[in-house]
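Given chain A, work out where chain B should sit, using these hints.
Number of protein chains: 2
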Amino acid sequence: MGPLVIKKTHKVQCRSPRLLLFIYFVDLLPAKNGEEPTMQFLLEVVEILTNYIRKTFDRSTKVLDFHHPHQLLEGMEGFNLELSDQPESLEQILVDCRDSLKYGVRTGHPRFFNQLSTGLDIVGLAGEWLTSTANTNMFTYEIAPVFVLMEQLTLKKMREIIGWPDGEGDGIFSPGGAISNMYSVMIARYKFFPEVKTKGMAAAPRLILFTSELSHYSIKKASAALGFGTENLILLNTDERGRVIPADLEAKVIEAKQKGYVPIYVNATAGTTVYGAFDPINEIADICEKYGMWLHVDGAWGGGLLMSRKHRHKLNGVERANSVTWNPHKMMGVPLQCSAILVRERGILQGCNSMCAGYLFQPDKQYDVTYDTGDKAIQCGRHVDIFKFWLMWKAKGTVGFEQHIDKCLDLSAYLYNKIKHREGFEMVFNGEPQHTNVCFWYIPPSLRGMPDGEERRKRLHKVAPKIKAMMMESGTTMVGYQPQGDKVNFFRMVISNAAATRSDIDFLIEEIERLGHDL
Amino acid sequence: MGPLVIKKTHKVQCRSPRLLLFIYFVDLLPAKNGEEPTMQFLLEVVEILTNYIRKTFDRSTKVLDFHHPHQLLEGMEGFNLELSDQPESLEQILVDCRDSLKYGVRTGHPRFFNQLSTGLDIVGLAGEWLTSTANTNMFTYEIAPVFVLMEQLTLKKMREIIGWPDGEGDGIFSPGGAISNMYSVMIARYKFFPEVKTKGMAAAPRLILFTSELSHYSIKKASAALGFGTENLILLNTDERGRVIPADLEAKVIEAKQKGYVPIYVNATAGTTVYGAFDPINEIADICEKYGMWLHVDGAWGGGLLMSRKHRHKLNGVERANSVTWNPHKMMGVPLQCSAILVRERGILQGCNSMCAGYLFQPDKQYDVTYDTGDKAIQCGRHVDIFKFWLMWKAKGTVGFEQHIDKCLDLSAYLYNKIKHREGFEMVFNGEPQHTNVCFWYIPPSLRGMPDGEERRKRLHKVAPKIKAMMMESGTTMVGYQPQGDKVNFFRMVISNAAATRSDIDFLIEEIERLGHDL
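Residue numbers (our numbering), protein chains in the order written: chain A, 31 to 549; chain B, 31 to 549.
Here chain A stands alone, though its shape is the one from the complex (with noise of 0.2 angstroms):
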């Protein structure tokens, strides 16, 4: 512990927190006249943030400041990770904020590229900041009134963008994809087998679900953890593009009956993590129907594109699906978290997941407590993630969303045409991507005229990883990569951030370039 000579130090350094010195904590409301340093550490705050902001957005700035976990860990210039006993001054928690976000990565910068989140919107930031100065529960209607109402609101609206009848059916905002996804699967079985909520998975037959081999791993760690076991969940093949065969889907089934197992679930991609891949709906949603299984719709990332007139066929027959799952935090832009998971049949969430407890959910409250909607949660407290989401609505407008949309596919399918040709370049699967994701590999001067097998896959799949090494030590750019199936590491290039433009693109190209030649 030696923040006090650290303290020392970052003193001299402070620019305008001069006031907060010998102010601490005990200082700030509640206390006694603790109005005015309260207002004055917070507007330092908003300084700090608001400068963070504007570099953010300058592309002179970079990505990141990029440092081994053991250098954080032994302490950066005064920057002390440990917590101690005593408490800090003021100032140096301002120090704090500034390093925190110094050796932190700029997920809003243009040339961040590295996640199907990126970007940093403006009037979500102020609606998230409003949500924490609210900080308030969403699960009842007394303590959180107009965020209840913004929910079902802003719920009915993404149903009937969906395409449900007069936006009719159910749903809720959840932690994320992954929980949205084991939310489907919960209601499926429930929907089936509904004796399985009182007498566990005992009372049900052996349960197979099915999904994309390429689809995200969120549905398997439900399978796990739902107690279907992942061994009954059945992976589908997919075509060169990455997208289920639907045959595939029915001899599946068919084969699952035959063993005596059954069938309920199959869940669509909308979107894959990898390849940006939409499967089938329509041909999927037959099968499901001539099965009676459960479709769920996994559009946590490929969701927004129902925003756009001109993108929304890729989901054609999202509305047969039984359950969407669909992030506005991934493709439009919102500040995480904020993911939906959207059901088709009213009153199904409720019967899946209510326990009833008297002590929240009193029906003798004054208001019409089926606002409440803490019962049908799994979740008991749950986080205000409605709030920034209907304030970008209410900036942007439908029409802003899907500008935004057509926007980011613009951008890919430029990225797309620039490479698909070039020197140096081979494009993972042929053809224009569904999504904004454009997989590639970067091919290095020295393997360019090595013929193809072991040797060459073997150098190959270390270029990606190496340049992503050197990319973020230099901090200029981030982008994914990973291997797929046998192929070897590819770049996932990704595109949802609005500050992204043209040369963002053409500066990623060539720091590739730049960084991969002489490997």
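What the hints contain is simulated information worked out from the structure, not anything from laboratory work.
The hints are all genuine.
Since the list gives no way to pick one copy over another, a pair counts as held whenever it fits inside one copy or between any two copies.
Using 27 angstroms as the maximum straight-line C-alpha spacing, the simulated BS3-like pairs for lysine-lysine come out as follows:
id: 1; residue 1: K229; residue 2: K250
id: 2; residue 1: K92; residue 2: K62
id: 3; residue 1: K395; residue 2: K517
id: 4; residue 1: K395; residue 2: K132
id: 5; residue 1: K92; residue 2: K395
id: 6; residue 1: K395; residue 2: K250
id: 7; residue 1: K221; residue 2: K250
id: 8; residue 1: K496; residue 2: K395
id: 9; residue 1: K517; residue 2: K488
id: 10; residue 1: K62; residue 2: K448
id: 11; residue 1: K437; residue 2: K62
id: 12; residue 1: K132; residue 2: K62
id: 13; residue 1: K62; residue 2: K85
id: 14; residue 1: K229; residue 2: K289
id: 15; residue 1: K186; residue 2: K395
id: 16; residue 1: K229; residue 2: K287
id: 17; residue 1: K186; residue 2: K132
id: 18; residue 1: K187; residue 2: K132
id: 19; residue 1: K395; residue 2: K492
id: 20; residue 1: K488; residue 2: K395
id: 21; residue 1: K221; residue 2: K320
id: 22; residue 1: K340; residue 2: K437
id: 23; residue 1: K92; residue 2: K448
Below, chain B without anything else, positioned relative to chain A:
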């Protein structure tokens, strides 16, 4: 859709944001020349928020301005919840922000006692603002280096405080106590029957879970969701103070075993939701050891007492638990959401949940990938819940949390002593409460002479809801009520708000008397 008209009325009323009148979302960053409007907009938002904060701590402000759902849905003077196709001006967005707060509930108000999570911690709030600005995801060190390390260090510190040797073990922050408790059941199952992960519940015998009849309903939700079935969750009898009777546990374990079932898991609650009771952990641990069962301690509410040298004895034996839920967002005043599941055995969380998704958790990264936490979680994306907590710990020190806990418990003792012999008040159970929960009936004069019996019970049952409704209409304070077992509706007072003082306790009691006098 009449937002155009509404906008016009509001333009006149708005004081400061005149300059944002003709400015829209598209004018903000990343727009060219977007920096100035962005900063102006954010500072206007901050002004709204700081005004809200100031008023929240002012006792002359109402706790809430209650409206029924239909009133808010119909629209309140220009506050229109409906989403539209076209964008609204940023000026209207500011109005929306102001109104969203206006019609909400001030959970940080010194007289808000309605939930286990109350208060508005200024440093925690600043931490949350920073978290939203950083807008990243906890699954990898790659994109959340600082936050991932903070989580690791903080969890270790929490394990040290629990009393596990050298703070060894594992853990993760999850979106709330219900999910943390769900983790505990999953891990216990994995410990004894790891094959359930792949083969499902069919691979295990009939597994039995135990929890108090007064425990949180999330244990029941977990037993339903994870495929055990709520019938295989055995509820344990409690004494008059709401604590599990260990002999009842042992008898029920023996009974289950005699039926051929396999008892695997016991949840001991440290701080029940209504009574604030602490189950006798050591005696329960003895039984768990004897019969080879997993011991989980649900300290979502009571875990905070571990920070107090004076009160931590109430959790004696917690160091013998295999897993512990502890929500800093409750008793420790951290903004929502902040809940930890802590596990004594290293590696089991990973073993239970890992699916090794190649696109996220590449083994060939340039840094030590053991810091990537994502595969331990049932979530994929995971909100950064650690920073606000870490920052508060820095600002208060361990001693600051201790002082807060001690102060809240002192206040509840003050309340208990004030009303235990006061005319018109009747305690739900005898003796000083173990936690800050004080449970009592208010008996209006009209019921005071009445003999005990069905008629009195029936009338008393209606008293708390009526007082609560009037309280909310007048907006002066908020406190929860509920029935429990054969006990008709009673008030449950809880104190976790750092802003509450004796005068607020006095106010609450007088307000109950004022509102309930003529019932």
